[in-house]
Amino acid sequence: MSELQQEPTSVQGEGRWLLGDPIADNRAPDSPIGDRWSDRKFSARLVNPANRRKMTAIIVGTGLAGGAAAATLGEAGYHVKSFCFQDSPRRAHSIAAQGGINAAKNYRNDGDSVHRLFYDTVKGGDFRSRESNVHRLAEASVNIIDQCVAQGVPFAREYSGLLDTRSFGGTQVSRTFYARGQTGQQLLLGAYQALERQIAAGTVEMHPRTEMLDLIVADGRARGIVTRSVLTGQLETHLADVVVLCTGGYGNVYYLSTNAKGSNVTAAWRAHKRGALFANPCYTQIHPTCIPVSGEYQSKLTLMSESLRNDGRVWVPKERGDSRPPNTIPEDERDYYLERQYPAFGNLVPRDIASRAAKNMCDAEHGVGPGGLGVYLDFKDAIGRLGRHAVEAKYGNLFEMYQRITGDDPYETPMRIYPAIHYTMGGLWVDYDLRSTIPGLFVGGEANFSDHGANRLGASALMQGLADGYFVLPTTVPNYLADGPFDPIDESHPAVVEAVESTRNRIDTLLSANGNRTVDSFHRELGQLVWDQCGMARSKEGLEKALDRIPSLREEFWRDVKIVGTGDGFNQSLEKAGRVADFMELAELMCTDALHREESCGGHFRVEHQTEDGEAQRDDENFSYVAAWEYGDGGKPVLHKEDLEFSYVHPSQRSYK
Amino acid sequence: MKLTLRVWRQKNADAKGKMVKYPMDDVDEDMSFLEMLDVLNEKLQLAGEDPVSFDHDCREGICGSCAMVINGTPHGPQKNTTTCQLHMRHFRDGDTIDIEPWRARAFPVIKDLVTDRSAFDQIIQAGGYVSVNTGSAPEAHATPVDKVSADDAFDAATCIGCGACVAACPNGSSMLFTAAKITHLGLLPQGQPERQTRAISMLSKQDELDFGGCTNVGACAEVCPKGIPLASISQLNHDVLGATLAGARAD
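Read top to bottom, the protein sequences are chains A and B.
Its first residue numbered 1, the first sequence is counted upward by one per residue in UniProt numbering.
Its first residue numbered 1, the second sequence is counted upward by one per residue in UniProt numbering.
FYI, nobody ran anything at the bench for these hints, they're computed from the structure.
Keep in mind that a hint or two might mislead.
[To be verified] Computed footprint of chain B on chain A; a stretch qualifies when at least three of its residues, placed anywhere within it, have a C-beta under 8 angstroms from a C-beta of chain B: (1) 59–72; (2) 299–311; (3) 457–465; (4) 595–603.
None of the values given here were measured: they were computed from a predicted structure.
Beta carbons are placed, not taken as given, at the ideal position from N, Cα and C, and that holds for glycine.
Bound conformation, chain A alone:
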């Protein structure tokens, strides 16, 4: 990365960021797109089986990407150390994914192929992803289904005994495999069981309730991590030959999101501050079908699977402020606005479009429920057409969950839904091999930026997590390890000592503030600010406002946060405080990225850049690049651009009409 270490060339955006040198190479093979992954697999160097157990790989996170990678590298014979902050690797947040996993099996004979899945994903990402990576993802998708079935994942089946599929947003084929509304759970348990098998076999050493707080970079290579035991508060160092982060996304920067409460950006952000570039942080995904907020005590938002849009019809009353109960509003006074605006895709338009359309309806005062922040998702027609029994078989658990949370019965009354933050496409920058800009640091799953561009299609997150974990990392990590053996390292190395010291200082500073506000109250304020200014619609004015406010909020946080208790034992407020401190810094980079990207694309909608009918207006001439940010001097972001080339899918305005 010597090209990144030169002096930045110019100051941009009223001094808010600097422009650095472009990223010259993402190291994908030059061959035709369909051959690239086979070529890389063949060119990847191998490690002699006898040498593998002498090499240690640290894998942080045990979701689909981390769990699958740890199990697979363990099977191959490497010495793996796996970490999660939860009490068991089975609780990683991949478990909450409901809808399904895409794969180009074409079992339906409906015209699907690897190329079509590749095409749909590049288009769905609004032409802001890297073709080489996406093609590999589509290729791996078919192997994932085979692997999971062999593990005993109980996918839904038809009476023939063959696998069932359903349709998801942004596609016109039926390629989504599912296990009722709990696909993520079943896939994660498959990976978890494979991981536990390796733990029993002694290849994987598991460290649950252990949180990574810093990355150790010694002599230019990632060589380990600093962790804190959630149980005892003890800081420990773990040294290795390679570090892999599969630590998920940063949606909790918004406080209210569909992420688990513990999901956080700390591991990725620490790596960023140690030199890894952070790419496209402003690409965040708002999921259109979540249960609306019911009060200010709200701690998280609950998603209702996108699969519901297969049979549910989205509507609002035609009349503004119409507060009649939904079942009393006659057909001709309802606006099925998605079917009206997007006749070709109807209720199955991609997530960003469905979310924005709901926001527009609510902004125009057609919203329903408390505060007018909701639209209806109605199953009356589906129940009439298929019968209640068939609807129950498909969505029973989702309906139950809705009823448990809201107290309303969706078989009788339409659901009320509203968009909520759900996934983050941005993440640590990686090359084709999922290597970050720090040698020896790899990043997989939602934590990297690589495959979804500016918008992720439904049922593609599970696909990417497992592709990275089962197939990509187990090829590319050994290729890196073949460079070894690396210089021996121990606890006395200055880089190790420094990382432990700075982690300890940070914890001590948090504990000694003894101010007047709780961690949650700061997190809520930050979340509201980011949601208002860097959420579904962004403007120059709003982003600048946020950028002016965040540093002072951060300063207040460090000065006025109140954490009861000490650092040497179980202290959940202290854990949260460390995470919120990092969200405070990330939020600023997100807003900077959103401000610099003077175009609308996918989940990033700048109000200044829209077509006459309110659709996102991309600017391919000026913004067809990945924005990879370096943590510059004093925290000033330095922008490195990776130009995107589209040789196989020609960028067009996405049209779902």
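Please build the complex by placing chain B on the supplied structure of chain A, with the hints as guidance.
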């Protein structure tokens, strides 16, 4: 509504715990149970008191983290519902609510309502998997699975590993948890080659840990938030008997 909470407070694994009373003045019926505890914790922290520790993560009833005995019942009064999905509309103004950790020898208390459930991971390590390495899988459609078996396997596989079954059992037995995994894998063709060793190995691991024996009380299935049927235990016993007769040994 106004409520009185009586919460189990225990500083650490070695300390003696006790129930502590907290009045709650302003509880909204749309709050989830954990959101109500969040409100309590905000108040405690501002008063300089140690907040109540409890495990929680997804808050959508699927990760299996949350674990509280509410008024004597694991996960509280609502059937098929985890603590995080329980809402305050199921309580009445003026109620007193007792909140305790899982109580079982195999799940020692770490702090307040947090317990150590790692014994479950050890049961899975003893055979709760199909031994297939990545990359060695045949084409998914090579082996059809009849829909009924696939659906029944799914029903067993929905176990979230929360441990309510153990907490409800007077013997502290993990039979339902173990049986759910044995049933899930045993119903699928992919699980057949290891079916007998799996049953024997997982059951002996469970006995080796601090879980009690099963005496067919059935409290486990009553409180299971995912509705794992009691019949899974019959399936386990069937598989163990078959394996024993066939002379299978623990792996």
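Check your understanding: Of the hints given before, which are not true for this structure?
Key -> Going through the list in order, the structure violates hints 3, 4 and respects the others.
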